[in-house]
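*Asks:* Residues per chain, in single letters:
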Amino acid sequence: MEVLPTGWTRNEMAKLAAIELQDGFYVNLGIGIPTLVANHIGPEIDVTLQSENGMLGLGPYPMADQVDADIINAGKQTITELPRTSYCSSADSFGMIRGGHIQLSILGAMEVAENGDIANWMMPGKMVKGPGGAMDLVAGVRRIIVLMDHVSKDGIAKFRRSCSLPLTGQNVVDMVITNLAIFERPDRQSPFVLRRLAPGIDAALVADLTEAHFER
Amino acid sequence: MEVLPTGWTRNEMAKLAAIELQDGFYVNLGIGIPTLVANHIGPEIDVTLQSENGMLGLGPYPMADQVDADIINAGKQTITELPRTSYCSSADSFGMIRGGHIQLSILGAMEVAENGDIANWMMPGKMVKGPGGAMDLVAGVRRIIVLMDHVSKDGIAKFRRSCSLPLTGQNVVDMVITNLAIFERPDRQSPFVLRRLAPGIDAALVADLTEAHFER
Amino acid sequence: MVQKIYSNAVAALDGHLIDGMTIVAGGFGLCGIPETLIAAIRAAGTRDLTVVSNNAGVDDFGLGLLLRTRQIRKMISSYVGENREFERQYLAGELEIEFSPQGTLAERMRAGGAGIAGFYTRTGVGTSLAEGREVRVFDSETYLLERGIVADLAIVKAWRADPHGNLVFRKAARNFNPLAATCGRVTIVEVEEFVGSGEIDPDHIHTPGVFVQRLILAENNEKRIEQRTIRAEAA
Amino acid sequence: MVQKIYSNAVAALDGHLIDGMTIVAGGFGLCGIPETLIAAIRAAGTRDLTVVSNNAGVDDFGLGLLLRTRQIRKMISSYVGENREFERQYLAGELEIEFSPQGTLAERMRAGGAGIAGFYTRTGVGTSLAEGREVRVFDSETYLLERGIVADLAIVKAWRADPHGNLVFRKAARNFNPLAATCGRVTIVEVEEFVGSGEIDPDHIHTPGVFVQRLILAENNEKRIEQRTIRAEAA
Numbered sequence: 001m002e003v004l005p006t007g008w009t010r011n012e013m014a015k016l017a018a019i020e021l022q023d024g025f026y027v028n029l030g031i032g033i034p035t036l037v038a039n040h041i042g043p044e045i046d047v048t049l050q051s052e053n054g055m056l057g058l059g060p061y062p063m064a065d066q067v068d069a070d071i072i073n074a075g076k077q078t079i080t081e082l083p084r085t086s087y088c089s090s091a092d093s094f095g096m097i098r099g100g101h102i103q104l105s106i107l108g109a110m111e112v113a114e115n116g117d118i119a120n121w122m123m124p125g126k127m128v129k130g131p132g133g134a135m136d137l138v139a140g141v142r143r144i145i146v147l148m149d150h151v152s153k154d155g156i157a158k159f160r161r162s163c164s165l166p167l168t169g170q171n172v173v174d175m176v177i178t179n180l181a182i183f184e185r186p187d188r189q190s191p192f193v194l195r196r197l198a199p200g201i202d203a204a205l206v207a208d209l210t211e212a213h214f215e216r
Numbered sequence: 001m002e003v004l005p006t007g008w009t010r011n012e013m014a015k016l017a018a019i020e021l022q023d024g025f026y027v028n029l030g031i032g033i034p035t036l037v038a039n040h041i042g043p044e045i046d047v048t049l050q051s052e053n054g055m056l057g058l059g060p061y062p063m064a065d066q067v068d069a070d071i072i073n074a075g076k077q078t079i080t081e082l083p084r085t086s087y088c089s090s091a092d093s094f095g096m097i098r099g100g101h102i103q104l105s106i107l108g109a110m111e112v113a114e115n116g117d118i119a120n121w122m123m124p125g126k127m128v129k130g131p132g133g134a135m136d137l138v139a140g141v142r143r144i145i146v147l148m149d150h151v152s153k154d155g156i157a158k159f160r161r162s163c164s165l166p167l168t169g170q171n172v173v174d175m176v177i178t179n180l181a182i183f184e185r186p187d188r189q190s191p192f193v194l195r196r197l198a199p200g201i202d203a204a205l206v207a208d209l210t211e212a213h214f215e216r
Numbered sequence: 001m002v003q004k005i006y007s008n009a010v011a012a013l014d015g016h017l018i019d020g021m022t023i024v025a026g027g028f029g030l031c032g033i034p035e036t037l038i039a040a041i042r043a044a045g046t047r048d049l050t051v052v053s054n055n056a057g058v059d060d061f062g063l064g065l066l067l068r069t070r071q072i073r074k075m076i077s078s079y080v081g082e083n084r085e086f087e088r089q090y091l092a093g094e095l096e097i098e099f100s101p102q103g104t105l106a107e108r109m110r111a112g113g114a115g116i117a118g119f120y121t122r123t124g125v126g127t128s129l130a131e132g133r134e135v136r137v138f139d140s141e142t143y144l145l146e147r148g149i150v151a152d153l154a155i156v157k158a159w160r161a162d163p164h165g166n167l168v169f170r171k172a173a174r175n176f177n178p179l180a181a182t183c184g185r186v187t188i189v190e191v192e193e194f195v196g197s198g199e200i201d202p203d204h205i206h207t208p209g210v211f212v213q214r215l216i217l218a219e220n221n222e223k224r225i226e227q228r229t230i231r232a233e234a235a
Numbered sequence: 001m002v003q004k005i006y007s008n009a010v011a012a013l014d015g016h017l018i019d020g021m022t023i024v025a026g027g028f029g030l031c032g033i034p035e036t037l038i039a040a041i042r043a044a045g046t047r048d049l050t051v052v053s054n055n056a057g058v059d060d061f062g063l064g065l066l067l068r069t070r071q072i073r074k075m076i077s078s079y080v081g082e083n084r085e086f087e088r089q090y091l092a093g094e095l096e097i098e099f100s101p102q103g104t105l106a107e108r109m110r111a112g113g114a115g116i117a118g119f120y121t122r123t124g125v126g127t128s129l130a131e132g133r134e135v136r137v138f139d140s141e142t143y144l145l146e147r148g149i150v151a152d153l154a155i156v157k158a159w160r161a162d163p164h165g166n167l168v169f170r171k172a173a174r175n176f177n178p179l180a181a182t183c184g185r186v187t188i189v190e191v192e193e194f195v196g197s198g199e200i201d202p203d204h205i206h207t208p209g210v211f212v213q214r215l216i217l218a219e220n221n222e223k224r225i226e227q228r229t230i231r232a233e234a235a
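Protein chains in written order, with my numbering: chain A, 1 to 216; chain B, 1 to 216; chain C, 1 to 235; chain D, 1 to 235.
Extracted from the complex, chain A is given alone in its bound form:
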């Protein structure tokens, strides 16, 4: 079996996603690779991270002696407060999300379709654990960026004509960052455009490993 070029590392993908954060943004980062994005927010921009369990203004992980069981993010990880932090109920927290007050969410996915559909809550062949807040985030947040591997462990394209797995949301993805390339579209009526290739990756390879139609 041929060895495929691996392209960007997960950390590099997170760094590329961090470029999309603008000064003053309120941002929700999903569990997994998206969490790494927080490490790449420069001091020159003012970004407030939101966690759907009712915390706005997430600080870094605590020192061992700072751990507080009542300060956790949506991944149930212990974190810390910042001077800007506020807490609210889950209903008020999802009011922010559903009401379009969060500018950007960066999420992982199992599949994204060329029409912007996303599938990230049901794993094939595994028990369904539930959508958590993913359906609310993709339906409510103004802009959705997906970070995912370009192909699955079995070599199957994850950016597809249509999702084969049950959907999390319909026509909600604005940008896809994989280890091989970045796809983006200016609005949700437009097709995705190939914006950038990882070092050592050419467009032909990306086309080979992508089922979705995209423009160049």
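Quick caveat, the hints were computed from the structure, so don't treat them as lab data. Given the structure is predicted, the values throughout are model-derived calculations rather than measurements. Treat the hints with care, as some may be off.
Covered stretches of chain A (in silico footprint by chain D; criterion: 3 or more residues with CB under 8 Å from a CB of chain D, positions within the stretch not fixed) [as the list claims (entries may be wrong)]: (1) 19-30; (2) 36-43; (3) 48-54; (4) 131-137; (5) 162-170; (6) 176-190.
We put the CB at the ideal spot given by N, CA and C, even for glycine.
Fit chains B, C and D to the known structure of chain A by using the hints.
*Replies:* Chains B, C and D only, in chain A's frame:
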């Protein structure tokens, strides 16, 4: 013109209504005569008054030097706090009301119908000022007691077959206390029953001055 | 850090006032109303406004000031008493009014701010305010469909804010303010007092900064009382 | 004064546990869960429960304890990972699950508590969770109708309470607790600490006492952490 017996005073009507307050009740008192009910809550029962502008636990009017523009009731009167007082938004306040968490509301009315309809927000021949919170109260509070004169200034019965004025709510009144009599019904499928007569008032007079059907 | 604090109301409103726009305002009666921002909108002369507010002020205070100058075309309110100029314009057909029951109005603001397009309430069933609205039975109770409200601009009065726009309201001046703050496409807040970053306990914040785009120090804090009721010393 | 404070969980739950009932519980993951009341329900052995809770605990903690004893017949939740016993019972057909997206679940509790029979949300449109639900277009956006939830009993964890039942939650342990408190026909709250009447600033109260029928001092305050993440001193 014959002089009609006047029956109970407004203060006596308020005192009769106060009997309906039970220990532990959360109660919303409307503007006008219902406000007087607060003066008749004895120290032996624990009643918390709610005001729909977002105050739970209303205290008495302030001394002159205690007046605070930010502490008002729904009648826009200056009042005071109690040790139990809490404030909330108007949405949360009406959540209490609409969600059935307030046990009792005592309101004024222009008309009540024998089926429990109430009209108390549009005065005939006057400009419509709006329902305020009256429609929410009658629809949401578990038990509604109306305090009103038995007949209008023009001698027209206010407890009627059906309301002639625009409704505030349909089939929501549980008890009617007028200056002449008290009518009550055990549930909202039952007819009103004459429960009590004011001193010097007989049932025949009440029947004469009442358009509504009621049982004796 | 993004600068949310503006030097005054004119600067904060700059670029956000357009004839024909919809403005949602906090306040109940004259309690907790954004006096400074109302005065600035009056001075700006913006016209044909639709104003969503529980009340319409009195003749010479609150939103009554914008009625006097005929800047308001339509009010969405629950109660508009205590205002003769309102009555005159309404009877002359110069002003439109849409009544919403008070709790429904509060919930409509919250819904608009929270991405809820509509909701079912028992309030108003069988009344004239139900006309033209969908009626629906759930579990043998009848409900009305009411719609969320989103406004172009929200004007809000808070007690304290920090530079992030985290707000604390004071006592019954909270009322519609936190709801208005959520349902403006842009939310501008006047406060009685600024405090530093981190000075508000994160459990005491009523409105998180995500809802607030611009902040000013309130210059008008008359806080007029509608019904000054007092009791005697002996009572 | 009406006595809302009970001596312990058994006394507070007395008369309120019936086989087949619906219980709504606060908490997110293992954060802010009513540990003491869950233990008491386990000891009481009440069966065929429908439990509304964002999560289902872990195998040996939280609602996982009631799954182990097979007291739960159905869960209404947004996410039920981290629980092998749950998976076993579900795959064996012994346990029913109704998934609600997290924000929809929170709003359903709030709606039930606030007398809102149903509401329209964009969340879940076009997904399998929309099956059997009414779909409706408002302003060219598609929404789903979701229903409010009212439970027979709410079990809630708060940080502080006064004797009137006014509650304050602590940090992210607030989560679903104030919503659960509103949507129980009876609401029982366990707290870490009681304070005296008047000791909580009326502007700092998260849940007013009107929603709370019974209070106990929490005896179990393990507050287990699911993901203990720390950083090195130097970071």
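*Asks:* Do three or more residues from the stretch 176-190 of chain A put their C-beta atoms closer than 8 Å to C-beta atoms of chain D?
*Replies:* Per the Cβ count (0), the hint is violated.
*Asks:* If you count the residues of the stretch 162-170 of chain A with a beta-carbon closer than 8 Å to a beta-carbon of chain D, do you get 3 or more?
*Replies:* With 5 residues closer than 8 Å to chain D, the stretch 162-170 of chain A meets the three-residue bar; holds.
*Asks:* Tell me whether the statement that chain D covers the stretch 131-137 of chain A is true, taking a Cβ distance below 8 Å and needing three residues at minimum.
*Replies:* This one holds; 6 residues, not fewer than the three required, reach chain D with a Cβ under 8 Å.
*Asks:* Please count how many residues of the stretch 19-30 of chain A have a CB within 8 Å of a CB from chain D and say whether that reaches 3.
*Replies:* violated (count 0)
*Asks:* How about the stretch 48-54 of chain A: do at least three of its residues have a C-beta closer than 8 Å to a C-beta of chain D?
*Replies:* As far as the stretch 48-54 of chain A goes, the hint holds, because 4 residues have Cβ atoms under 8 Å from chain D.
*Asks:* Taking beta carbons only, do three or more residues of the stretch 36-43 of chain A come closer than 8 Å to chain D?
*Replies:* As far as the stretch 36-43 of chain A goes, the hint is violated, because 0 residues have Cβ atoms under 8 Å from chain D.
In terms of the numbered hints stated before, the structure departs from hints 1, 2, 6, listed from lowest to highest.
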